[in-house]
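Trainee: Here are the chains, one letter per residue:
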Amino acid sequence: MPLTRTRSGWTFVRSEYRDWSPVLFEGDPTPGEQEAVQELIYELRSLAEGLNGKRQRMLRVQGTLAAPAWSGIAADAFRDRLLRLAQAAQTAAEQHQAAADASHRWAGAMQSSQSAADLALESAVEAQEDLERAQAVVGTLTADHAALLGLLLTQQHSSPSASPRDQVAAAEATASLRRRAGDIEADLMVARVHLDDAQQRLDDARSRARTAQNEFHTAEDLFAREMEATLHGALRDTAEWESARFTTTFTTLTRLDATTSGSIDLLGTLSPDQFAALLAENPGLMQQFWDNPPDAEAVATWWKKLSPEQREQWCQAVPTIIGNLPGLDADTRIHANMIQFTRDLADPTISPDSPQGIVLQDILKALGVNKFSGPLLDYEKLAKQLTPPRGLLCYHLHNDPPLAAVAVGETQAEKDGKVTWMVPGMNSALGEPNRLAGWTNGALNVYDEQNRLEPASAHMVVAWIGYAPPDMSSVLSGDAARKGGARLTRELDGQWAASGILGGNPDPYTAVVGHSYGTTVVGNAVSDVGHNVQSVVFLASAGIESDIRGAKDLHVDGGGQHVYASESSRDGVAWMGRDFSGRSDPREAQFGGRGFSSEGDPTNGFAPTDGHDTLGYGTDNGIAFSPHATAGHGYLNKDTEAIRNTAAASLGHDHNINGGATAPGEGAKRR
Amino acid sequence: MGGVVAVDTAMLREARSELTPDGRGTDPKVTAGRFGGGRAVSTVDRFESYWGSGRSTVTVGLDALARLLGSAADVFEGRDAADADAFGVDVRAF
Chain A
1 MPLTRTRSGW
11 TFVRSEYRDW
21 SPVLFEGDPT
31 PGEQEAVQEL
41 IYELRSLAEG
51 LNGKRQRMLR
61 VQGTLAAPAW
71 SGIAADAFRD
81 RLLRLAQAAQ
91 TAAEQHQAAA
101 DASHRWAGAM
111 QSSQSAADLA
121 LESAVEAQED
131 LERAQAVVGT
141 LTADHAALLG
151 LLLTQQHSSP
161 SASPRDQVAA
171 AEATASLRRR
181 AGDIEADLMV
191 ARVHLDDAQQ
201 RLDDARSRAR
211 TAQNEFHTAE
221 DLFAREMEAT
231 LHGALRDTAE
241 WESARFTTTF
251 TTLTRLDATT
261 SGSIDLLGTL
271 SPDQFAALLA
281 ENPGLMQQFW
291 DNPPDAEAVA
301 TWWKKLSPEQ
311 REQWCQAVPT
321 IIGNLPGLDA
331 DTRIHANMIQ
341 FTRDLADPTI
351 SPDSPQGIVL
361 QDILKALGVN
371 KFSGPLLDYE
381 KLAKQLTPPR
391 GLLCYHLHND
401 PPLAAVAVGE
411 TQAEKDGKVT
421 WMVPGMNSAL
431 GEPNRLAGWT
441 NGALNVYDEQ
451 NRLEPASAHM
461 VVAWIGYAPP
471 DMSSVLSGDA
481 ARKGGARLTR
491 ELDGQWAASG
501 ILGGNPDPYT
511 AVVGHSYGTT
521 VVGNAVSDVG
531 HNVQSVVFLA
541 SAGIESDIRG
551 AKDLHVDGGG
561 QHVYASESSR
571 DGVAWMGRDF
581 SGRSDPREAQ
591 FGGRGFSSEG
601 DPTNGFAPTD
611 GHDTLGYGTD
621 NGIAFSPHAT
631 AGHGYLNKDT
641 EAIRNTAAAS
651 LGHDHNINGG
661 ATAPGEGAKR
671 R
Chain H
1 MGGVVAVDTA
11 MLREARSELT
21 PDGRGTDPKV
31 TAGRFGGGRA
41 VSTVDRFESY
51 WGSGRSTVTV
61 GLDALARLLG
71 SAADVFEGRD
81 AADADAFGVD
91 VRAF
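Chains as they are written, first to last, in the numbering used here: chain A, 1 to 671; chain H, 1 to 94.
Hints are not guaranteed to be accurate.
Stated by the list, open to error - Distance windows between CB atoms, simulated:
#1 A:Pro348 with H:Asp74: 44 to 50 Å
#2 A:Glu122 with H:Arg46: 33 to 39 Å
#3 H:Asp74 with A:Asp291: 55 to 61 Å
#4 H:Thr31 with A:His232: 39 to 45 Å
#5 H:Asp74 with A:Ser46: 33 to 39 Å
#6 H:Arg67 with A:Ser46: 49 to 55 Å
Worth flagging that the hints you see were computed from the coordinates, not collected in a lab. All C-beta atoms, glycine included, are put in the ideal place defined by N, C-alpha and C.
Just chain A, same shape as in the assembly (with noise of 0.2 Å):
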């Protein structure tokens, strides 16, 4: 065969038209052409180096955009689908390079193959001509030994009586007759040797013609399985990849990223099923919203213009971002919150013992609706219809820790009344039990006594462990209080939002109670919010941030006469935070706050608090380094002098205040 070269080298070329008829056969056994075939490995190889080659310059990109150089969701979502597709192309190079590798073994059997049948064929030609020249010389020489005998015959009948010189002669005649028919019987002999001969080859050639055939057909089915397997790990979905919609995701997460709009654009442009799937494809967007939500003030005019089925809509749509959107009212929220909450019930991937699931559990108990059992309650319902009310106001299942808030009361108050929002300190994190149920009685607590001294307003007392709240190791360093400041910020002017937009209030009342570390979380928030609070209460405060210089930087109506901080003589643990973190106690004078006492007055029915905790438990006070408040003695436990003046505080009731407020600027009130 001669040779000629292809991109992928040299190979060999047949000649495509051939008669086959020697080795009985109609077309070419072994057909293809090994030029063709070491194209296409020249094809398949560069096609695999292509991939390849767009693999590695994404994951180039992949590594070149990574945090710090672009950060956020919008960033998250393209760097995911860069990935994909880098994972997609390294699929693909690697299944050309396997269709190169089975197309190379192919061309070396296809190879082989001719080369048989190719030498079978020319040996077959080549027998078949020396069979026919047998076959011509044994039909010679047959014809040639049958006219001898038939002299021979003739002679034999002649006629007797022939002189005997005849006789000789004829005598001699036959003999020669027979020496040539013995010699023609000799050549026959070597002819019909060379007969079977030239058959035998001819019949050898067309075997192995057909064997050649029969390697040439294994070879191709192993080469169709080769390249069969190469057949899967293939994108499939190429509209998907050009379509619209991940440009519209992208794009609609690059400006949630990017502008201070961009979130609320995203409310009012999807639709609810749109923005559910937005979220599906992006679970990180309800962190995103989270932790930066939209402007309260533009999320509530935009709700305001919404139909009550729209409204529900969205509610059902996606619950985890209408549930914790600061601006909107709490009855939405509730609902909200509540849809997601019973589907959480639901789920049966949330294992009882998880963090998630003990925070089920806590969350009814804080509802006061635990003890109801049966199938398809309505919680939301049941939690409402109790005295007082209550809901879940905040509600992010899947954070860790996981945060929630309980409202008690009257979500009315949002539009005639007063609103309370209770941050609590160190160890109260969600995911043990009863962590919301007890900030929730502390709540409770509180709404009782504000609405004692205030029976005909309407209250409404926000338990809100929206942060994560800091454990002994890290209670000294202020970033749980800084993170959980940011968000408190947003629900304070969210509450305003609400309250102003939503409910039609001229005059949103907010008051904000912290313990604790919940001191220093809400010193950060108020320091931050865009609408002033009316009252804010520090009780036995870990220590407010130093870079707020006191009163005079909170944004509070009336400034330090609203401003109030207290704490137990017999508190032995809040001083702790204060001194070794280097916070500063809003009790002090140059603070600019009020001071109240905590200390219990037995004259007018006050008990003491004697510890730290909110709500107190046992008969002693514990060991040194672990005491606590006793049973009752807490600061928000019921008939204390803390509770009272906590409430009355918070309602801005200087005249309710057990024994009075120290005057702005004079510290602490010790009894």
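Given chain A, work out where chain H should sit, using these hints.
Mentor: Just chain H now, with coordinates in the frame of chain A:
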């Protein structure tokens, strides 16, 4: 949510060029040929039929992602320009 996301728009644009260094050309493909008997030929046909679209999806996806990088750079540069304007106002306010 302004200002919470870090982004180097020059790197976004550089990454866009990296993803599509020569722009979008015609996708190469396997040329039909006499690769053997009918089974071999149909096998290669099937391969190309399957992987032709797979390769195309990679190329299409890459192009789309490259374009998105350009769009993102535009958006963030717009934000930075707006921030710069706002900063100018603040300076005057002082």
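Trainee: Out of the numbered hints, which ones does the structure contradict?
Mentor: 3, 4 and 6
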